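Engineer: Chains as they are written, first to last, in our numbering: chain A, 1 to 308; chain B, 1 to 403; chain C, 1 to 317.
Hint data in this document are derived by calculation from the structure and do not stem from the laboratory. Just so we're clear, the structure is a prediction, and the values are computed from it rather than from any experiment. Each residue gets a CB set at the ideal place from its N, CA and C atoms; glycine is no exception. Be aware that a few hints might be false.
Here are the simulated lysine-lysine pairs, DSSO-like style, with alpha carbons at most 27 Å apart [what the hints assert, rightly or not]:
{"hint": "1", "chain 1": "A", "residue 1": "K94", "chain 2": "A", "residue 2": "K27"}
{"hint": "2", "chain 1": "C", "residue 1": "K312", "chain 2": "C", "residue 2": "K235"}
{"hint": "3", "chain 1": "A", "residue 1": "K67", "chain 2": "A", "residue 2": "K169"}
{"hint": "4", "chain 1": "B", "residue 1": "K91", "chain 2": "B", "residue 2": "K108"}
{"hint": "5", "chain 1": "C", "residue 1": "K162", "chain 2": "A", "residue 2": "K67"}
{"hint": "6", "chain 1": "A", "residue 1": "K169", "chain 2": "C", "residue 2": "K312"}
Covered by chain A, according to a simulated footprint, are these stretches of chain C (three or more residues, beta-carbon under 8 Å) [claimed, not checked]:
{"hint": "7", "region": "74-86"}
{"hint": "8", "region": "92-102"}
{"hint": "9", "region": "241-255"}
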Amino acid sequence: MSSLTPLAPTPVAVRAPARRIRVRRGKLVRRIGLNAVALLVFAVMVFPVYWMVATAFKPGRDILDYKPHWFPAPATLSNFTNAIHRQYFWTDVKNSAIVVVCVVTLSMVVAFLAALALSRFRFYGRGAFIVLILGVLMLPLVALIIPMYITMSRAGQIHGLNWVLGVNKLSGVIVMYMTFVLPFSVWTLQGFMRGVPRELEEAAMVDGTTRFGAFVRILLPLVAPGLVATSIFAFIQAWNEYIIAYVFLQDGSKQTITVWLASFTNLHGTDWGPLMAGATLTALPVVVFFVLIQRRISFGLTAGAVKA
Amino acid sequence: MAAIRFTHVIKEYAGGTLAVDDLNLEVAEGEFVVLVGPSGCGKTTALRMVAGLEEITDGEIRIGDRVVNDLAPRDRDIAMVFQNYALYPHKTVYENLVFGLRMRKVPKSEQRRRVEEIARILGLEEMLERRPAQLSGGQRQRVAMGRAIVREPQAFLMDEPLSNLDAKLRVQMRAEIARIQQTLRVTTLYVTHDQVEAMTMGHRVAVMRSGVLQQVDTPQRLYDLPGNLFVASFVGSPAMNLLDVALEREGGGLVCRSGGVEIELPVDIAARRPQLEQYVGRRLALGIRPEALSESSTDPDAPRIRGRALLVEALGAESLAHVEVNAMALDRPELVDVSAAQAHLLPVGDRTATLLARLEHDTGVKPGHVVDLAADVRRLHFFDLDTGSAIPVAGVPVTAAVV
Amino acid sequence: MAVAESEFPLVSRRRRRLSRRRVGSALAPYALLAPTAIVIGAILGYPLYLLVRLSFEQYGLFELVRHKGTWIGIHNFRTIFHDSQFWHVVARTLVFTAVNVTLTMILGTAIALLIARLGRFMRLLLTTGLVLVWATPVVVAVNIWRWMVDYEFGVANWTLTKLHLGNFIHHDWFANTWEGFGVITAVIVWGAIPFVTITLYAGLSQVPQELVEAAQIDGARAWNVFREVTVPLLKPIFIILTSLSIIWDFQVFNQVWIMLGERPSPDYYVMGIYAYVTSFRSNEYGLGSAIAVVMVAIMMAATVVYIRQMIKTGEVR
Ligand SMILES: Nc1ncnc2c1ncn2[C@@H]1O[C@H](COP(=O)(O)OP(=O)(O)OP(=O)(O)O)[C@@H](O)[C@H]1O
Ligand SMILES: [Mg+2]
Numbered sequence: 001m002s003s004l005t006p007l008a009p010t011p012v013a014v015r016a017p018a019r020r021i022r023v024r025r026g027k028l029v030r031r032i033g034l035n036a037v038a039l040l041v042f043a044v045m046v047f048p049v050y051w052m053v054a055t056a057f058k059p060g061r062d063i064l065d066y067k068p069h070w071f072p073a074p075a076t077l078s079n080f081t082n083a084i085h086r087q088y089f090w091t092d093v094k095n096s097a098i099v100v101v102c103v104v105t106l107s108m109v110v111a112f113l114a115a116l117a118l119s120r121f122r123f124y125g126r127g128a129f130i131v132l133i134l135g136v137l138m139l140p141l142v143a144l145i146i147p148m149y150i151t152m153s154r155a156g157q158i159h160g161l162n163w164v165l166g167v168n169k170l171s172g173v174i175v176m177y178m179t180f181v182l183p184f185s186v187w188t189l190q191g192f193m194r195g196v197p198r199e200l201e202e203a204a205m206v207d208g209t210t211r212f213g214a215f216v217r218i219l220l221p222l223v224a225p226g227l228v229a230t231s232i233f234a235f236i237q238a239w240n241e242y243i244i245a246y247v248f249l250q251d252g253s254k255q256t257i258t259v260w261l262a263s264f265t266n267l268h269g270t271d272w273g274p275l276m277a278g279a280t281l282t283a284l285p286v287v288v289f290f291v292l293i294q295r296r297i298s299f300g301l302t303a304g305a306v307k308a
Numbered sequence: 001m002a003a004i005r006f007t008h009v010i011k012e013y014a015g016g017t018l019a020v021d022d023l024n025l026e027v028a029e030g031e032f033v034v035l036v037g038p039s040g041c042g043k044t045t046a047l048r049m050v051a052g053l054e055e056i057t058d059g060e061i062r063i064g065d066r067v068v069n070d071l072a073p074r075d076r077d078i079a080m081v082f083q084n085y086a087l088y089p090h091k092t093v094y095e096n097l098v099f100g101l102r103m104r105k106v107p108k109s110e111q112r113r114r115v116e117e118i119a120r121i122l123g124l125e126e127m128l129e130r131r132p133a134q135l136s137g138g139q140r141q142r143v144a145m146g147r148a149i150v151r152e153p154q155a156f157l158m159d160e161p162l163s164n165l166d167a168k169l170r171v172q173m174r175a176e177i178a179r180i181q182q183t184l185r186v187t188t189l190y191v192t193h194d195q196v197e198a199m200t201m202g203h204r205v206a207v208m209r210s211g212v213l214q215q216v217d218t219p220q221r222l223y224d225l226p227g228n229l230f231v232a233s234f235v236g237s238p239a240m241n242l243l244d245v246a247l248e249r250e251g252g253g254l255v256c257r258s259g260g261v262e263i264e265l266p267v268d269i270a271a272r273r274p275q276l277e278q279y280v281g282r283r284l285a286l287g288i289r290p291e292a293l294s295e296s297s298t299d300p301d302a303p304r305i306r307g308r309a310l311l312v313e314a315l316g317a318e319s320l321a322h323v324e325v326n327a328m329a330l331d332r333p334e335l336v337d338v339s340a341a342q343a344h345l346l347p348v349g350d351r352t353a354t355l356l357a358r359l360e361h362d363t364g365v366k367p368g369h370v371v372d373l374a375a376d377v378r379r380l381h382f383f384d385l386d387t388g389s390a391i392p393v394a395g396v397p398v399t400a401a402v403v
Numbered sequence: 001m002a003v004a005e006s007e008f009p010l011v012s013r014r015r016r017r018l019s020r021r022r023v024g025s026a027l028a029p030y031a032l033l034a035p036t037a038i039v040i041g042a043i044l045g046y047p048l049y050l051l052v053r054l055s056f057e058q059y060g061l062f063e064l065v066r067h068k069g070t071w072i073g074i075h076n077f078r079t080i081f082h083d084s085q086f087w088h089v090v091a092r093t094l095v096f097t098a099v100n101v102t103l104t105m106i107l108g109t110a111i112a113l114l115i116a117r118l119g120r121f122m123r124l125l126l127t128t129g130l131v132l133v134w135a136t137p138v139v140v141a142v143n144i145w146r147w148m149v150d151y152e153f154g155v156a157n158w159t160l161t162k163l164h165l166g167n168f169i170h171h172d173w174f175a176n177t178w179e180g181f182g183v184i185t186a187v188i189v190w191g192a193i194p195f196v197t198i199t200l201y202a203g204l205s206q207v208p209q210e211l212v213e214a215a216q217i218d219g220a221r222a223w224n225v226f227r228e229v230t231v232p233l234l235k236p237i238f239i240i241l242t243s244l245s246i247i248w249d250f251q252v253f254n255q256v257w258i259m260l261g262e263r264p265s266p267d268y269y270v271m272g273i274y275a276y277v278t279s280f281r282s283n284e285y286g287l288g289s290a291i292a293v294v295m296v297a298i299m300m301a302a303t304v305v306y307i308r309q310m311i312k313t314g315e316v317r
């Protein structure tokens with residue numbers, strides 16, 4: 001802007017900055033345009049989530065009004081109290097928690113070992129195993145549910161198996177969740193492990209540890225953030241799962257929170273306020289964890305695909 | 001302290017790469033041996049086999065009088081310095097240094113004493129509580145050294161420990177490592193592809209090429225009496241000039257001819273290499289180090305090589321002249337170190353070769369000038385064109401050319 | 001200093017006998033993989049085998065109780081291949097997948113390119129918004145959209161009417177299949193955009209700046225830089241994302257199922273729903289399995305593309 005001060009008296013000096021201003025103005029217009037588009041995209045993407053939260057806080061008469069009330073004012077917590085006092089809410093939250101904790105713990109232990117093999121050893125059949133892991137990730141759950149159901153209903157009749165497997169058994173669901181959580185965890189973990197240079201373990205071995213000791217003392221602490229990220233992702237997958245729980249947990253007191261939420265309408269008519277409150281509560285743990293790990297996960301399935 | 005001894009060691013990787021082929025080498029107790037060679041020649045592989053990080057396909061490695069082929073790294077009592085240091089990023093400097101002692105169950109008080117002593121020697125006292133990420137490159141290098149020293153092992157193994165440092169620091173650490181090795185007298189096997197490191201640090205230098213050991217000797221003898229064309233072209237910077245010459249008898253003496261260049265060999269020189277007689281009428285490779293060439297004015301009796309200066313590089317203490325001469329350059333890439341050879345040979349015409357000459361710093365030679373170079377006939381090297389082996393000098397023991 | 005042969009006596013040239021340590025380290029990876037292999041074999045391998053077997057069996061309620069199917073060869077496949085509804089469902093699923101994937105990739109890419117051109121603040125704002133959407137569980141997302149297009153009080157109905165795009169007061173979106181699938185597509189695309197966008201953006205920001213600068217110095221204009229540098233570098237990610245989207249959208253179940261109150265009319269059947277309904281509603285487990293087998297076979301193609309690209313880009317090493 002200093003170009004507009006009278007310090008530049010010659011016509012040449014005035015003309016040149018004038019052109020620069022025009023260029024700048026063109027840039028400014030472009031930037032405003034870009035930001036406007038970005039705001040619009042942001043609004044469209046976030047609105048549904050906002051609408052859920054807003055509805056959850058609105059009193060019933062504001063919800064059931066032909067003209068939308070854009071803000072939850074006056075706000076109320078009654079939808080939330082209503083939701084959590086519904087039948088099975090707490091039982092189903094508890095069920096979800098049990099399932100998730102078991103799935104995450106089991107798959108992390110098992111996946112850690114497999115990831116170790118894939119990232120730290122060369123062996124015959126390694127490539128085939130990786131292809132298997134990736135291929136298995138792609139199997140549609142719907143296709144697996146049919147034979148699983150047959151198996152579970154059979155196992156439920158077999159003495160000695162029926163205390164873990166069978167319809168309406170959380171333990172059965174836990175086992176089935178491993179089908180998609182385990183391959184994913186193996187794949188992600190070995191990616192994290194590959195990021196830890198091998199020489200560190202070699203240095204430790206020369207320093208006097210066994211190979212296994214080097215894994216425990218050097219690799220494990222270094223891959224810990226990856227382990228945390230992977231287990232949170234496993235948590236999210238297990239918490240969000242619907243169809244397996246829907247098919248295998250038919251008893252209301254045995255269901256998980258997603259099934260509880262999906263059957264909200266059927267059981268109680270559509271009661272939008274409490275439904276949105278329940279949805280908000282269901283999404284809450286996931287959102288919190290997601291925000292914690294979001295930087296890492298986008299690389300999970302595609303990491304390193306661009307390498308110059 | 002213990003000697004390290006390779007006996008007919010072979011390493012073949014799973015893919016079929018023969019990384020080390022029949023290696024025989026002894027690093028005596030307290031000796032500092034440097035392993036050099038171009039990239040990919042198997043230096044790291046050899047070192048890692050000693051450390052136990054790589055399986056040995058065939059042969060035997062001993063540390064002291066133990067065969068260590070099947071021992072785990074931790075049972076070999078050696079310490080290793082890695083190229084990128086491999087410091088444990090989640091441990092402080094102190095923890096990095098003490099790790100090996102803890103693993104070996106050294107008493108706590110002894111641990112502390114030894115780490116503190118090493119930290120003092122290496123000037124790391126101020127940073128014991130820092131993590132590797134908070135150190136400069138040179139400091140990291142010191143910690144890596146410290147981690148090896150503190151263990152008081154039977155032998156040190158170092159894989160290009162200085163290659164990640166800048167030039168100044170490298171010179172400084174080079175001296176420091178040599179000094180430490182001298183005080184501790186620990187058997188050391190040191191891998192590098194830096195010639196200067198090899199020549200200045202090692203008691204002996206072992207030159208490798210594509211998995212095969214070429215020659216092992218003291219730096220000076222390696223320089224003065226290279227056993228074959230590869231060693232001759234690899235050792236020394238700038239590299240040795242190599243010409244393809246025909247040996248002819250003229251009058252009573254021998255003459256090397258190549259294009260328009262003619263170098264007459266005095267009788268005594270020819271007599272020192274009795275085998276030269278067998279090459280009369282045949283071609284052989286003639287090697288002249290750049291410092292064996294000078295401006296003719298200094299030595300009126302020496303054979304002269306006339307050429308045209310293409311480029312004169314002033315290096316401060318001296319000048320390096322690239323001189324185009326009418327002669328045939330040696331064209332046997334399979335026998336020489338190609339990377340070094342190509343670096344100084346400017347485009348070669350059919351019958352012209354470029355010679356490098358170390359001239360006085362105040363030389364008057366300018367690009368385009370015609371110069372007469374005097375060759376010091378006592379410092380010529382002769383090699384067989386088929387095998388690449390040096391034609392030996394009588395009375396001097398055959399060097400360890402293991403081709 | 002000479003290395004005389006005698007100094008290094010010949011050791012036996014025979015390949016050394018395998019020592020305990022060598023055998024140990026050769027077996028270690030297999031031992032580490034064993035638990036995963038067993039779990040995958042037991043909970044995936046067996047059901048997969050059973051799925052294929054079931055597709056060749058008559059397996060209804062009677063067999064479910066008896067726990068034993070009756071082998072009927074390719075009869076199930078013959079039945080579905082002669083069933084016009086099956087072909088409708090297949091065609092519907094393919095079109096539905098194509099539309100969803102196309103929309104997801106176009107919008108996702110556009111937003112990624114937009115983000116790359118934004119200032120710090122707006123970029124942060126938009127990515128935060130995307131992460132929020134990404135984090136929303138499918139079951140929750142479907143319920144939100146169901147509420148937004150509610151017959152009476154849907155905010156979408158009101159807004160569209162206000163924008164004079166027609167009269168949507170008391171409009172049942174699911175009465176018409178096209179509109180119904182439109183809403184379902186909206187949920188799917190809305191939910192899928194964040195993953196695509198953020199992954200592509202991560203890829204975009206990894207495009208080395210020197211390359212862009214080198215191209216600019218070579219005289220390339222913005223569009224050319226994009227075409228010659230950015231696109232080729234992003235192509236592998238793009239292929240991976242597209243094949244993943246195809247895989248996910250082809251097997252869509254939850255969005256349709258919950259959106260339609262767990263009892264969709266046959267007009268809304270996509271393959272996943274069809275296989276499910278045939279098995280669990282009509283209790284024709286054999287027939288359902290046959291449909292699922294066809295589904296897996298179709299998905300295999302996309303999976304092969306995905307895995308090949310992963311191998312090519314060096315992800316599988
Ligand atoms: N793990 C491996 N598997 C297969 N081949 C290998 C492996 N490691 C090294 N090689 C091959 O063995 C040969 C020797 O490699 P090595 O690392 O010992 O070379 P180097 O002399 O240390 O080279 P540099 O100076 O570049 O470090 C090379 O051809 C290399 O490609
Ligand atoms: Mg190396």
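Engineer: Now look at each hint and say whether the structure bears it out.
Structural biologist: Structure-based check of all given hints:
| no. | hint | verdict |
| --- | --- | --- |
| 1 | A:K94 to A:K27 | violated (55 Å) |
| 2 | C:K312 to C:K235 | holds (12 Å) |
| 3 | A:K67 to A:K169 | violated (46 Å) |
| 4 | B:K91 to B:K108 | holds (18 Å) |
| 5 | C:K162 to A:K67 | holds (10 Å) |
| 6 | A:K169 to C:K312 | violated (43 Å) |
| 7 | 74-86 | violated (count 0) |
| 8 | 92-102 | violated (count 0) |
| 9 | 241-255 | holds (count 7) |
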